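Trainee: For the protein sequence lines, the chains are L and C, in the order given.
Residue 48 in my numbering sits at position 48 of the first sequence; the count goes up by one each step and never skips.
Residue 72 in my numbering sits at position 72 of the second sequence; the count goes up by one each step and never skips.
Do not rely on the hints blindly, as some may be mistaken.
[Unchecked claim] Calculated pairs, DSS-like style, for lysine-lysine (alpha carbon to alpha carbon, straight line, at most 25 Å):
1. Lys52(C) <-> Lys142(L)
2. Lys303(C) <-> Lys220(C)
3. Lys220(C) <-> Lys208(C)
4. Lys80(C) <-> Lys142(L)
5. Lys142(L) <-> Lys176(L)
6. Lys259(L) <-> Lys540(L)
Don't read these hints as lab results, they were simulated from the structure.
Since the structure is predicted, the reported quantities are computational estimates derived from the model, not experimental observations.
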Amino acid sequence: MKKRVITLFLAATMAFGLAACGGGGDNVADNVQSDNGSSADDGDQAAGTPQAAGGKVLSVQVGSDPETIDPALNSAVDGGNMILHAFEGLLTLDEGGNLAEGQAESWETDEEGLTWTFHLRDGLKWSDGTDLTANDFVYSWKRVCDPEVAAPYAETVLGMVEGYADAVEGNLDALKVEAPDDKTFVVKLTSPCPYFGSLAAFATLSPVQQGTIDTNGDAWAIDAGTYICNGPFYISEWRPGAYIMMSKNPNYWNADAIKLDAIKWNLIEDPNASYSAYQTEEIMMIKDVPTEEIPSLSGSDEFYIDPIIGTYYLSLNTQKEPFNDVNVRKALSLAIDRDYVANTLMQGTYTPAYNFIGPGWLDTDGTEFISKANGGQPYISSDHDANIEEAKKLLSDAGYPDGQGLPTITYSTNDASYHKVVAEYLQQAWAEIGVDCQVDIVEWASFTPIRRNGDFDSSRNGWVGDYSDASNMLDLFYSSNGNNDGKFSSPDYDAAMDISRTTLDAAERSEALHKAEDVLLEEMGCIPLAYYNDFWLQRKELKGSWHGTNGYWYFMYADIDDGTGSAEDEAPTEVEPEASSESLEPTTEILEDTTEQQ
Amino acid sequence: MLKYVAKRLVLAVVTIWAVATLTFFLMNMVPGGPFLSEKAISPQATAALEAKYGLDKPLGQRYLTYMSDAAHGDFGDSLKQRGRTVAGIISSKFPVSARLGGISVLVALCFGIPLGCIAALNRGKFLDSLISVVSTCGIAVPSFVICTLLMYFFGVNLRLLPTMGITTWKHYIMPVAALSFYPMAYIMRLMRSSMLDVLGQDYMRTAKAKGVAGFWILFKHALRNAILPVVTYVGPMLAYTVTGSFVVEKIFVIPGLGGEFIGAISGRDYTLIMGTTIFLATLIIIMNVVVDIVYKLVDPRIKLK
Numbered sequence: 001m002k003k004r005v006i007t008l009f010l011a012a013t014m015a016f017g018l019a020a021c022g023g024g025g026d027n028v029a030d031n032v033q034s035d036n037g038s039s040a041d042d043g044d045q046a047a048g049t050p051q052a053a054g055g056k057v058l059s060v061q062v063g064s065d066p067e068t069i070d071p072a073l074n075s076a077v078d079g080g081n082m083i084l085h086a087f088e089g090l091l092t093l094d095e096g097g098n099l100a101e102g103q104a105e106s107w108e109t110d111e112e113g114l115t116w117t118f119h120l121r122d123g124l125k126w127s128d129g130t131d132l133t134a135n136d137f138v139y140s141w142k143r144v145c146d147p148e149v150a151a152p153y154a155e156t157v158l159g160m161v162e163g164y165a166d167a168v169e170g171n172l173d174a175l176k177v178e179a180p181d182d183k184t185f186v187v188k189l190t191s192p193c194p195y196f197g198s199l200a201a202f203a204t205l206s207p208v209q210q211g212t213i214d215t216n217g218d219a220w221a222i223d224a225g226t227y228i229c230n231g232p233f234y235i236s237e238w239r240p241g242a243y244i245m246m247s248k249n250p251n252y253w254n255a256d257a258i259k260l261d262a263i264k265w266n267l268i269e270d271p272n273a274s275y276s277a278y279q280t281e282e283i284m285m286i287k288d289v290p291t292e293e294i295p296s297l298s299g300s301d302e303f304y305i306d307p308i309i310g311t312y313y314l315s316l317n318t319q320k321e322p323f324n325d326v327n328v329r330k331a332l333s334l335a336i337d338r339d340y341v342a343n344t345l346m347q348g349t350y351t352p353a354y355n356f357i358g359p360g361w362l363d364t365d366g367t368e369f370i371s372k373a374n375g376g377q378p379y380i381s382s383d384h385d386a387n388i389e390e391a392k393k394l395l396s397d398a399g400y401p402d403g404q405g406l407p408t409i410t411y412s413t414n415d416a417s418y419h420k421v422v423a424e425y426l427q428q429a430w431a432e433i434g435v436d437c438q439v440d441i442v443e444w445a446s447f448t449p450i451r452r453n454g455d456f457d458s459s460r461n462g463w464v465g466d467y468s469d470a471s472n473m474l475d476l477f478y479s480s481n482g483n484n485d486g487k488f489s490s491p492d493y494d495a496a497m498d499i500s501r502t503t504l505d506a507a508e509r510s511e512a513l514h515k516a517e518d519v520l521l522e523e524m525g526c527i528p529l530a531y532y533n534d535f536w537l538q539r540k541e542l543k544g545s546w547h548g549t550n551g552y553w554y555f556m557y558a559d560i561d562d563g564t565g566s567a568e569d570e571a572p573t574e575v576e577p578e579a580s581s582e583s584l585e586p587t588t589e590i591l592e593d594t595t596e597q598q
Numbered sequence: 001m002l003k004y005v006a007k008r009l010v011l012a013v014v015t016i017w018a019v020a021t022l023t024f025f026l027m028n029m030v031p032g033g034p035f036l037s038e039k040a041i042s043p044q045a046t047a048a049l050e051a052k053y054g055l056d057k058p059l060g061q062r063y064l065t066y067m068s069d070a071a072h073g074d075f076g077d078s079l080k081q082r083g084r085t086v087a088g089i090i091s092s093k094f095p096v097s098a099r100l101g102g103i104s105v106l107v108a109l110c111f112g113i114p115l116g117c118i119a120a121l122n123r124g125k126f127l128d129s130l131i132s133v134v135s136t137c138g139i140a141v142p143s144f145v146i147c148t149l150l151m152y153f154f155g156v157n158l159r160l161l162p163t164m165g166i167t168t169w170k171h172y173i174m175p176v177a178a179l180s181f182y183p184m185a186y187i188m189r190l191m192r193s194s195m196l197d198v199l200g201q202d203y204m205r206t207a208k209a210k211g212v213a214g215f216w217i218l219f220k221h222a223l224r225n226a227i228l229p230v231v232t233y234v235g236p237m238l239a240y241t242v243t244g245s246f247v248v249e250k251i252f253v254i255p256g257l258g259g260e261f262i263g264a265i266s267g268r269d270y271t272l273i274m275g276t277t278i279f280l281a282t283l284i285i286i287m288n289v290v291v292d293i294v295y296k297l298v299d300p301r302i303k304l305k
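Isolated chain L (complex conformation):
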């Protein structure tokens, strides 16, 4: 009897303890609420921002906490996507991917293509209301070269500007960027760069405010209060690891066209977490969809797949036996059933790659590069059975009939997304032609140096373009390129690339670039496997946003259809996967690749 009483008493203690804990939780919540000044109910779209009460807040997920959103320092897709909404460069890209006026209302080049002049709009302002002039661009572009800043993209975006070499050594004023008056910005190049316009639209070259940077140093870009910007939105609240709230910037020149009151960028790392939040309608659009959900989602009208400019490929160590033999390289390539890899193993989230340059990349006349590649024919046949026969023959020509005498080769990869299943497949596919392969799974941070130092036989590789000019992808295999991990070296290839870099004639340049791809695939400088796509979930209520082949989502002109029909009246075209994938308009833009790290 006594024991029972004691048991009951203990149970009561627990209940009391729980109540006490619950009370603690309440207080905590109250504190957070008062910090935010909001209703703090995340189920409600309007949560978390003071001015959003009753306003239109778009809640999206494009990545986890960005490492940086300083335009000069960023090199990641998710950070770039946010910068795109907070900043605007001289030029920008429209829905079709065409260059459009940004902070500059017009621009021109001289006959030699060496001097580019940009004319700024009237009355440009920073988000803090102060004036923005051409001198701000001069400061910002020089800052990108500053060795103290160490911008990872400096060479990509400014390498062709006169005086760059001196500027990166610390003499910033050597960089030939000038502001003859407050509304004119002039830049001089050392060699013609037909795609310089797309660099002017690249996030790295966004203007940044000298005042806030001088006062706050690197920390200017980590606090909502000091993050002064010039784009359609500004950061009104930032909770590291949770979300970044961007509110409409009333000082933006085109503010009248912005329909959203705010965008909430949810910083979620785990795809299952973002998928749950999508299901519970806490988020309207998520980029990170769990791969195991894809079979059940394909066919849903909320699931989108759209190409981005990039290729998943294998690097072979061309300086090492037996990979120095082109026949071995070709045999290894032909043994792979690309259709199976992309559509079965990768669940259709990739597209089989029979060329190196895939869809979305542009030729010099603005058409799809792929349409003229190899006379319009794929370089690699999709007839798998014939490919296997050919592979066996090539292997025998190389002196390894049925793989005899060939040492066991190693395939190195990190373990993320589909990398491991692809590795296991390769092992099996190569065994079919008599090649023994051992898979070496390496942790991400160790994998990069292994690949860069050439400590591998064969390895996973991939590239997503910065801008859609095909040279961005083909530069990779120039013999001296820092990303040429397989150390592919071909005089013919280098000669073709040299022509493409110096010529001013569009047709000649196009021919040279196609010649380079011919050489690359004839000598099998790498083994293309699949083209990248972005796949994501998006609710029907979200109208007027679009996805570019550069891997960015454009939400600035988006609207939310709340059922009253007001959104529909003004909404620009809705994003449809088919429509976007067919778009052949010239696209130019930049992004950097974190796809690999996922």
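Got chain L sorted already, so can you dock chain C onto it with the hints?
Mentor: Just chain C, lined up with the frame of chain L:
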């Protein structure tokens, strides 16, 4: 007592120094570096970055510089999260994890201790078996499974609780449940076995024979003695829990410190690795000292030397 604390403090400094030194050299032995990415950045940019953060200096010199800065309370800038200092990252994220972890530990104690006692008092009966099943589950099932199940039922299916963030009291329910389940189960087991042990002691029989009331026996004599193993366990457990769980914080999108431990290592963010390691080591050492002092308070027979 004071002498004891002073002695422990000196020992703590030596331990932290040893942990820091070991971590510093081990992390530099691991291949890779903070400035590597899929795309090669130009040699100038790499050189400039290394110069900026002093990574171009010899290892020994870097070690001395770091230790001297750290001794002065400067833990440096994060190498990956540009513009953020290590101290800033820890001080902004630790409170979130600490609050969540603190509540979880309280819940674990509030449930674990009474349930353990109940099981011991009802030894061999149905209640005991039931509690044993629960505690075995708690110890065997990993937290990510609990998180996923909770999320599936209460978040996605029933839509009773929010699945992400940590703003209202509702947001705390699932993460706290996930975080407290294991320690609660462990405490239950510890409590049950030590309680059984104590209940069989002679002094319990003496107390009973003297006619001391049931409650008094339990609280004054049994619980006080039986709780020592729990105290031992709770000290370090508290240190681990308040510094955040990588898994739970990731699943429920909680901006705590848990992810920084893992992120720093996989990103080779050297300064942040050092900062988080030293922070965790310090907390554990402090908790151990606290545990020793609590021992003394609970059981006056224990002498702190």
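Trainee: Give a verdict on every hint.
Mentor: Hints, one by one, checked against the model:
no.	hint	result
1	Lys52(C) <-> Lys142(L)	18 Å, holds
2	Lys303(C) <-> Lys220(C)	20 Å, holds
3	Lys220(C) <-> Lys208(C)	12 Å, holds
4	Lys80(C) <-> Lys142(L)	23 Å, holds
5	Lys142(L) <-> Lys176(L)	9 Å, holds
6	Lys259(L) <-> Lys540(L)	17 Å, holds
Checked against the numbered hints above, the structure breaks none of them.
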